[in-house]
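K.L.:
Work out the full structure: start from the sequences and follow the hints.
Protein chains: 2
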Amino acid sequence: MTPSILEKIKSIVGTKNYSDSIEDKICYSYDGTPILNTKPEAIVFPENEEQISQLMHLANQEKFAIVPRGAGTGLSGGSVPTENSIVLVMTKWKNIIEIDEANLTALVEPGVITAQLQKEVEKRNLFYPPDPGSMNVCTIGGNVAENAGGLRGLKYGVTKNYLLGLEMVLPNGELLKTGGKNMKDVAGYNLRDFIVGSEGTLGVFTKILLKLVPKPTDSVTMLAYFDKLIDSAKAVSDIVANRITPCMIEFLDNTTINCVEEYTKIGLPINSEAILLIEVDGRGSSVKEDAETVLNILKKNNASNVQSTSDEAESIILKTARRSAFSALARRRPTTILEDITVPRSELAIMIEKVQEASKKYDVMIGNFGHAGDGNLHPTCLTDERDNNEINKAHLAIDFIFNEAIKLGGTITGEHGIGLAKKNYLEQVAGIPGIEFMKKIKAAIDPNNILNPDKIFSMKPRCEGSLPNKQNQIGEFTHSHNH
Amino acid sequence: MTPSILEKIKSIVGTKNYSDSIEDKICYSYDGTPILNTKPEAIVFPENEEQISQLMHLANQEKFAIVPRGAGTGLSGGSVPTENSIVLVMTKWKNIIEIDEANLTALVEPGVITAQLQKEVEKRNLFYPPDPGSMNVCTIGGNVAENAGGLRGLKYGVTKNYLLGLEMVLPNGELLKTGGKNMKDVAGYNLRDFIVGSEGTLGVFTKILLKLVPKPTDSVTMLAYFDKLIDSAKAVSDIVANRITPCMIEFLDNTTINCVEEYTKIGLPINSEAILLIEVDGRGSSVKEDAETVLNILKKNNASNVQSTSDEAESIILKTARRSAFSALARRRPTTILEDITVPRSELAIMIEKVQEASKKYDVMIGNFGHAGDGNLHPTCLTDERDNNEINKAHLAIDFIFNEAIKLGGTITGEHGIGLAKKNYLEQVAGIPGIEFMKKIKAAIDPNNILNPDKIFSMKPRCEGSLPNKQNQIGEFTHSHNH
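Order-wise, the sequence lines are chains A and B.
The first sequence begins at -13 in our numbering and counts up by one.
The second sequence begins at -13 in our numbering and counts up by one.
One should not assume that every hint holds.
Repeated chains share a single entry, so a pair holds when one copy, or any two copies, can fit it.
No farther apart than 25 angstroms at their CA atoms in a straight line, the calculated lysine-lysine pairs in the BS3-like style are these [unchecked claim]:
#1 K425 / K446
#2 K409 / K(-4)
#3 K78 / K274
#4 K141 / K109
#5 K220 / K201
#6 K25 / K446
#7 K141 / K274
#8 K197 / K214
Hints are computed from structural coordinates only; laboratory data are not their basis.
P.N.:
Structure follows, in structure tokens:
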């Protein structure tokens, strides 16, 4: 990128909103993903839609890339710069523009921090449920780009379920508005739901309209220890079979329990094979009824200890183990690789065993925890990227885990996105026709491939040496019927 | 279309799966939409994915159109044939392939009738909530194509909220598989949610994987009469303000009440300005608590009579008025034009008044009913398409209603789709950048425009005489901020 192009960029956003210092380049060269980093050519903080639009025009003209960024907490490299790119930071766009209590909507700018929005709406007895682990730091824009989930996803769903409308600047510089305050709208293609989870490759959000729900008035939080992991998995199945939908069912394995206890010293049972954190919530007396049923199921499945509370402050304490899992694991070794596989719920117990198998087979320390209720686990490799032998073993273990998840009908990412980190596995999950469909859309919307290029998939053609496999590699739902 | 092309089509599907008789052409020339009809060149009933794929190849080669069709109950012309087209009927694909109780999923073929699936899963204490008015006839494939809703949408959402996976034959003949039994999956673009509501323009479904939920064990159904319409609208707002989410809040106006009473003779109050049908459901005692709160709200808002039941058989009787609204209205005049506008919930009372205004202003009989809880109304014009004067007035009334809905931040279709019937209004709701985005995708996926062409939007360029309006015609969420 020539100095004259950088000058043009600077003149679009203004000097105070531009940096190409080496310190800033280093800071913005990485996100929350271990190992991956590339320095951008510059970092910009646009002030309005017009500036973003002009940057898109310039990028198309001069063929550089634009990498959008919120708080940079992503875990798959989605905001890691690419070669010849500028980082476009949206964190200053942090107004909560409107909370509409009659229509149960919140209109926000993309830089609003998730937890900040949650606090604001809870003052009004409303609720914005998606609670990713980084919620005290991450931004709504990033949440929409990645379709972020969280602990409450089991009952309340994920970001996609709360997105009502978007305004965004497209790669061609136009401002697209889609959706609105209507609870239902089928006018034209469902652009809004398509753009959720598109990982910054189709546009830069400038306004986000979210749905809110009534705040639950009652909840019961339970923490259960299990000597045997298989009992905890059976407890999860039994809860689902009883047709109860808890707000959350979270799981921690023995490695994670030990790391958390080292960190927090809250008296966790370091010999238990598993801990389950369960919360039921809602309004009225059925909450207590459901909690009673869950407690019986936990005891029936040999829970060695169950703590239970309907007090909010105590509930926060019970959740500490789970909420500090990642931080606790990250203390152990210099490099923490957090993965995000999801399997059909029925395969959860098998997947947990496969993670243990990977750990033994490749001699890698792996703490496993996550959203047991919806089959989404976070096997976390604790390693050291500076040691080639270690990091190779970690990658082999992760590869094994991914392949086992896919064999079970699962996916390589439930919440964190493909980004850069998981591109190699996308074909096994999405299939060639699926990826071709995605590439056609990307090519149509961003013909010069200037917006967050090479994230999710590469637009470059395959190397001649590896012919595309025309057979459908991905698992069928079932065999064909004739009619 | 030449005889030789028709021969090729016949040889792909086999003689028993092919017809070009005049009787069949007439039968398949229309769907549930009044007025619109075009005879196809032929009607085919493909037996498997391979035949559909071959038809796509032939269509691309010989440049004819393929119009997919389920039960043909659509209300916007989505399965009305276009010029030089064949109708591809999927009603024979009616197997429920698998109900997975561990993962709460149902795998079905697209021709399965919605109510049939519901009965099957309810035997297992499970629930597939989307309940479009045509559910005893319509097919799951059609539901997915239109993102069908229903009475239970207020609490349970619509078809999109239940779609986990799809297999479909693309316009290029390839078989795409997307999604699966995972509760969460962010691997690549969200194709599945994009294809919901794409009205048969992007592919032909061959398998559909749906999410199920636990069946509610308790419910209370209430029917309330209101002398004054404004009181019923206030009751709806108060219920929402009390943070209760009923399963449904349905509304009938005086015209509809009278038509239904004529038809059913069940003793409805023909002088009431409005009836509300409300159901609360769930598990446990909070259902009764919520019902109590709702009853108090209804009385506080001057409901002249409230019937209430928790018995299933009685509940069906209370729902009769609402479930027979469309059929009752359709008896009155030769032509029944059912519209589907949605406005933000806060604008409901105003919109109801605007419909009344349209009826008076254009001297058209309009029965209004619908999903008051989510702002989705079905103003229904009763007219006679054979009388030019009448039908012109009806179209003027509908145009007025659409424009008023859009002014209130609403949309022209909450459930029925754009199809052919509402293409002229799409730009006002989706905006030019939005429609351009959609067209780019359609062009990328179906470059020869062979699959259900001219539905939702036209791929033909605008006439020279009317220049595109570059300004954003659609309402802003709000004004820009500088940062």
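K.L.:
Determine for every hint whether it applies to the structure shown.
P.N.:
Verification of the hints:
1. K425 / K446: Both, since 10 angstroms and 24 angstroms are each at most 25 angstroms.
2. K409 / K(-4): neither (33 angstroms within a copy, 43 angstroms between copies)
3. K78 / K274: Neither: 43 angstroms inside a chain and 47 angstroms across chains, both beyond 25 angstroms.
4. K141 / K109: This pair counts as both: shortest intra-copy Cα distance 22 angstroms, inter-copy 23 angstroms.
5. K220 / K201: between (31 angstroms within a copy, 22 angstroms between copies)
6. K25 / K446: Classified as within: same-chain Cα gap 22 angstroms, cross-chain 45 angstroms, threshold 25 angstroms.
7. K141 / K274: both (17 angstroms within a copy, 22 angstroms between copies)
8. K197 / K214: neither (41 angstroms within a copy, 31 angstroms between copies)
Figure legend: structure checked against the earlier numbered hints; hints not met, in rising order: 2, 3 and 8.
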